[in-house]
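Student: Line by line, the protein sequences give chains B and D. Per the working numbering, the very first residue in the first sequence carries number 696; after that it's consecutive. Per the working numbering, the very first residue in the second sequence carries number 696; after that it's consecutive.
Hints listed in this document are in silico derivations from the structure and should not be mistaken for laboratory results. Keep in mind that a hint or two might mislead.
Copies of one chain are not kept apart here, so a pair can be met inside one copy or by any two copies together.
[What the hints assert, rightly or not] DSS-like mimics (lysine-lysine), calculated; alpha carbons at most 25 Å apart, straight line:
1) K959 x K1024
2) K1001 x K959
3) K874 x K1024
4) K748 x K867
5) K959 x K874
6) K874 x K748
Protein chains: 2
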Amino acid sequence: MSDHPEFISMKLQCPLPKLNYEFITLGHGSGGVLTHRLLEDIIFNALGDRLIKQVHDAAIADLNGTPVISTDSFVVSPLHFPGGNIGDLCVNGTINDLAMAGARPRYLSLAFILEEGFLISAFWDILLSIRWACQLNNVMVITGDTKVVDKGSGDQLFINTTGIGELVTEIKFDGSTCKSGDVVIVSGPIASHGMAIMSVREHLEFETTIQSDTKAVYPEIELLLNNFGDRIKFLRDPTRGGIGTVLNEVARARNMGIELEQEKLPILPEVDAACELLGLDPIYVANEGIFLAVVESSAAEDVVEKLNSINGTQQAAIIGIINEDHPGKVVLRNSFGGRRVVNMLTGQQLPRIC
Amino acid sequence: MSDHPEFISMKLQCPLPKLNYEFITLGHGSGGVLTHRLLEDIIFNALGDRLIKQVHDAAIADLNGTPVISTDSFVVSPLHFPGGNIGDLCVNGTINDLAMAGARPRYLSLAFILEEGFLISAFWDILLSIRWACQLNNVMVITGDTKVVDKGSGDQLFINTTGIGELVTEIKFDGSTCKSGDVVIVSGPIASHGMAIMSVREHLEFETTIQSDTKAVYPEIELLLNNFGDRIKFLRDPTRGGIGTVLNEVARARNMGIELEQEKLPILPEVDAACELLGLDPIYVANEGIFLAVVESSAAEDVVEKLNSINGTQQAAIIGIINEDHPGKVVLRNSFGGRRVVNMLTGQQLPRIC
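Starting from the given sequences, assemble the full structure and let the hints guide the process.
Tutor: If you want it as structure tokens, here you go:
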């Protein structure tokens, strides 16, 4: 995404302004002159036409439909990773949470917690990524906040995004209508985001660099909604905890069994290799640009075909089925027919993944 | 507020559950089993009936009116201070931002960034304060997020709250209708919040402990709206940067002059003494429970009388006037008739005040 020609051209048109400060100082969090300068010189400037400037600390949201709200703080480390950075990650992540609830993403709030000493030029790059991700997804930044903490009390930059969307359907994708025989689909290869972060942290080098899958999946959700309506019964983006944890959540909540077929799980070869090297189970590794769906069996093939026909979900696949055999449990079947229970992630696999 | 009998009784009814963990660990941010435990054992439990539990990562907001959104991150240090803690501060602060835009506060999102090693019992106390502040103000927590950062990458607890309100008036309180002769009112004594934090940090002791003024001012705003409508022309809560900075913002934005009378500024004697001791100008010190209003001169006395008649704003006062003499500038007149220009706060007076 970061090498898209339009994004490169946007960056060329928006060079960092010449300033008499290079780093974030405590004064940038004072609410006074320096805060105003940081806002005008850097934040408003970088966000450009993606920002709706309103005078007050609160903003009016013009919506066509019931408001849907989602909030997420992003503390990912490192801030930049192959395939993205905390900027596009925070926009995409929040859009995806709204999409999973059947809402069209419209507005974002942006709240920054900056650490004293953070490089303004690094902040600028991240802001441009936020603008680009907003532009790609037709969302506007509507309000925000900027705080500065003293050196050692933060870690460069944390971002909270709250998304405001408008409900586009009455259907609830919470799994409450799931029944035995329904089919589990994943929209793309698993574990890419987590392993992209991990390979940077562990300085792993492969022939192919592992890229984060960070992207917004709202267009795909709208497509499915328009074509399949309430034959889509459950939607969720499997971020922290991976597909293993999310499927456990719905299996428990709805007291249904889920059986996955290991060999059907799409995974990129370099991601698979990295997981093996580090002894990580890809089923628990975070994703940031795919979703899980449970759909009526009669629609399953068509849903996958529809997803495969569009850019970004060509590797969507049927990965499992809902059954009555082991209510509340997720079971993984390997190619030899062996079965093992997949529990929810215990402990912490990869801290600060998002 | 923290010694209200109902709050004390609520705390007695909600003792910290017996757990097999005492501190936040990285696993509590994994998205897996430990995150679920933290949510169920602590967060949901403490928030009690103030939480609307929805299954998805996004929540539907049921509003009677145009949605108004405000976001704020709270990084106050220390977490507890006389008169409040980060918990009631984050609720009140966000409610106040909505109120200033003419919106009735309805819902909050809560996003926690916890530092590894933070005491669960301290978190519990803060959550109970959040619940109590929500209860007092009839707002509900609608969605949230919990992240954990490694020890040394945060400072115990940061909270982001995004508020969702419903617009109750068509009037804009952005100062666009202000004219010469309009009157500036403050709803209570200035500088209390900032000096409460500062006196803890500097270990200052006075005969009377300085209490933060943290409180939600929506009821007062509703009262003014119902009684005075569009004779109220500007509303703002003077948090970071104090009344000096906020009045400069509106003076510049509307190119109007503001003249303040120093001896009319309400300030508690202990706060005044502390400011003098530390060499701080109370005009720049943060407030968390008062608001500034610019009102039509014909309504000014009635507005003050109305405010003085209710609990919490008995010290509301007329403090200045809009004029044409020095457009874009705020001028302070002392009791001898001397005048000085009040600029926007430069530098950083009190880091991490909210």
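Student: For a quick check of understanding: which of the numbered hints are violated here, in increasing order?
Tutor: Violated hints: none at all, because every hint is consistent with the structure.
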